[in-house]
Amino acid sequence: MKRLHRRVFFGGTVLVFIVLAPVIILRAMGFRYDPGGGIVQTGALEVRSIPEGAFLFVDGRPVGETPLVVKDLPPGEYHLRLEKEGFFGWEEDRIVEKSLVAREEPAWLFSRGGSAEFSPGVLAEEFSPAAAPSDSGFLSNREILSPEG
Amino acid sequence: MAWLPSVKTSDRADQFLQRCFEMVPGLLTWGTFLLLIILSLVHPVWVAIFVIGYNVHWLLRVIYFSVFTLIAYRRVRSERGTDWIERCQGVSGDLAGYRKRIVSQRGRLRERYLKLPSAAERLPAKNVLRSVDRHLQEVDEILRSKTRVWDWSTIYHLVILPTFTEDLSILRESLQALARSRYPKNKVFAVIAFEEREGSRAHEKAAALTQEFSDQFLILLTTFHPDGLTGESRVKGANLTWAAKEARGWIDRLGLPYDHVIVSSLDADTCVDPGYLGCLTYNYIIRPERVRRSYQPIPMYHNNIWDAPCFARIVANSTSFWHMVQSVRPDLMITFSSHAMSFETLVRVGYWPVDVVSDDSVIFFSGYFYYEGDYQVIPLYVYVSMDANLANNYVRTFINQYKQMRRWAWGIEKFPLLMRGFLRHRRTSFRGGKLVHLFRLLEGNYSWATSPFIIGLLGWLPLWIGGSEFHQTVLAYNLPVATRILMTLALSGLAVSAWICHALLPPRPPAVGQWRILTMILQWILVPFLYLILVGLPALDAQTRLMFGKYLAFWVTEKSRRGADPERFPVYPEGAAKGR
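Protein sequence lines, in the order shown, are assigned to chains A and B. With the first sequence counted from 1, adding 1 to any position gets you the numbering used here. With the second sequence counted from 1, adding 283 to any position gets you the numbering used here.
It should be emphasised that the hints constitute simulated quantities derived from the structure, not laboratory data. It should be emphasised that the depicted structure is a prediction, and the values quoted were computed from it without experimental measurement. Idealized CB from N, CA, C, for every residue including glycine. Take the hints with a grain of salt, since some may be wrong.
To be verified - Here chain A is said to cover these stretches of chain B; the calculated rule only asks that three of the stretch's residues, wherever they fall, bring their Cβ under 8 Å from a Cβ of chain A: (1) 334-340; (2) 343-356; (3) 744-757.
Using the sequences and the hints, build the whole thing.
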């Protein structure tokens with residue numbers, strides 16, 4: 002390999018680093034290119050549920066099964082909905098801040114089949130569907146867990 | 284004329300400088316670790332950003348290295364079947380006539396090559412063509428620069444094999460390999476350099492080897508280096524120097540001019556390729572600056588590769604790769620392990636250093652200082668095969684491997700010497716190579732000690748000690764994801780290495796089962812773990828010792844091969860070699 006070729010190769014590698022490293026770092030920090038508004042720093046949402054395997058919709062858009070982290074969300078309020086066969090649905094609004102992962106307690110999903118199928122079982126008595134407002138058909142975490150709920 | 288300073292100095296100011304420079308590498312490494320730990324506590328975001336950037340740099344480095352490995356491999360492969368004696372004879376005679384012969388030979392080869400039906404059959408022919416093309420370029424260069432090529436028959440070889448406690452069978456195999464050289468043996472002056480402190484066993488081995496081999500070489504000399512000469516440490520260089528001085532008496536008696544004697548320093552377990560002496564001679568006679576060059580064959584660790592445990596194989600193969608890669612960028616190369624140079628330069632620079640462990644590379648810098656920077660290494664595309672680490676059991680082998688790695692990492696002992704040398708000869712320009720050599724030495728050893736730790740351990744620190752605030756960031760979530768992706772990609776570079784390794788292996792001896800090939804491929808999975816324990820740790824150990832002034836003594840690697848069956852010895856059949 003000739004000296005010139007080597008230099009070019011070395012220079013090229015350095016150049017790739019100069020371009021690639023900031024791009025990867027900025028992406029890891031949550032910066033994304035938004036076709037509308039240039040570059041925005043996004044945040045993320047971590048959604049867990051008990052039991053796992055519920056399908057998540059963010060603002061009505063299907064995303065995936067829990068547990069999961071929804072990335073690349075521009076800061077703002079998002080409406081979450083969880084659906085799982087045989088369980089009541091679950092809905093909640095969450096705020097996403099830039100550069101942060103919004104983490105909340107897992108969402109409890111209640112079985113439509115009665116308390117025997119509650120999961121995990123220990124919590125069955127504490128939050129039985131009978132105690133919940135029966136007209137709504139679904140429950141929010143906040144309604145159960147937060148004091149003002 | 285400049286000299287490389289010695290570790291031992293009576294001058295107070297010099298001693299102070301030596302101590303200061305000894306601390307630099309260790310301080311850099313430990314400083315990096317400390318800084319990363321403190322910053323992980325205070326500014327975990329900064330560390331996370333640094334770590335991702337570092338991993339990107341690492342990935343690119345692996346790719347860069349892999350490309351060079353491929354180029355080196357291609358070169359090595361193309362020179363496998365070269366008849367160096369034929370080339371020596373060719374360039375020693377009528378050059379213009381010889382050039383015509385090469386051109387017509389090249390034409391015939393090309394014609395035959397084009398007629399070959401499949402790519403698989405074309406490959407070996409293409410390798411031969413590449414080799415001939417390069418040879419033609421060299422001949423053209425000789426004609427253009429009007430270099431006076433020396434007659435190859437006037438060249439003599441002094442081959443020194445320094446030994447301490449190695450078994451008779453190992454020395455015998457090394458000498459057998461030398462005797463198998465395709466080179467007139469009446470030009471070969473072999474010296475087996477024993478240590479007097481080994482006692483009567485050394486003399487017994489000497490007697491046995493003399494009886495067996497004395498008629499196979501011009502001279503077979505056995506020397507016994509006395510223990511504890513003033514100014515010496517118990518290092519290989521001291522033994523080598525003693526042997527070279529003894530040999531000098533014989534060279535004088537034979538009336539050989541020093542610049543017509545090429546001296547090879549081979550470790551005791553080194554088995555040279557049959558083409559080694561021819562290749563060395565060829566490269567020596569065609570260069571006008573021949574005495575201002577060292578000559579470096581490619582070190583392979585194939586003697587017992589089929590017996591050695593996987594981690595020893597990985598280290599051995601990685602070492603070979605590193606030196607193959609070096610051979611593609613010779614202007615940055617320094618000598619390692621077995622190497623050769625003109626006897627004239629050896630005498631002029633005062634032989635090998637007698638008080639440092641890394642005699643193999645310090646001798647290069649002796650020449651570099653003596654010729655004020657006009658000193659380089661010429662890569663020889665022939666193998667010399669050594670032993671991979673192998674002791675009686677795994678634990679022992681593992682410890683030995685660690686010690687060997689630490690000895691290599693101890694090469695950083697050159698840093699204070701170079702710094703003092705360059706300071707002392709401030710006015711000498713060294714052809715602008717000062718910074719390059721210093722940087723490569725320091726950066727190489729720094730990366731060697733730090734990168735395994737940064738990638739394997741410290742990179743996770745922000746997550747462990749960065750605190751809950753950092754934990755909530757997208758960056759904290761992405762850090763392990765990015766690291767995993769980047770390192771998985773870097774492992775693909777290993778795939779290239781594994782493939783080349785396999786292609787370079789000597790033929791599988793019949794005694795070794797087929798399944799061994801499978802384990803040899805699987806060994807590459809171990810690399811990340813070994814990287815930390817057998818690469819990073821020994822280097823950190825060496826630098827820390829140097830920082831505290833606790834000098835490392837030369838530790839002779841234990842050598843063993845299972846069964847001294849000459850059939851198991853890696854002789855590359857020419858046909859098979861060309862077929863690769």
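Okay, the hints, checked on the actual structure:
1. 334-340: holds (count 4)
2. 343-356: That given contact holds, which follows from 6 residues of the segment 343-356 of chain B lying within Cβ reach (below 8 Å) of chain A.
3. 744-757: Contact hint for the segment 744-757 of chain B vs chain A: holds, 3 residues under 8 Å.
This entry satisfies every hint, going by the numbered hints stated previously.
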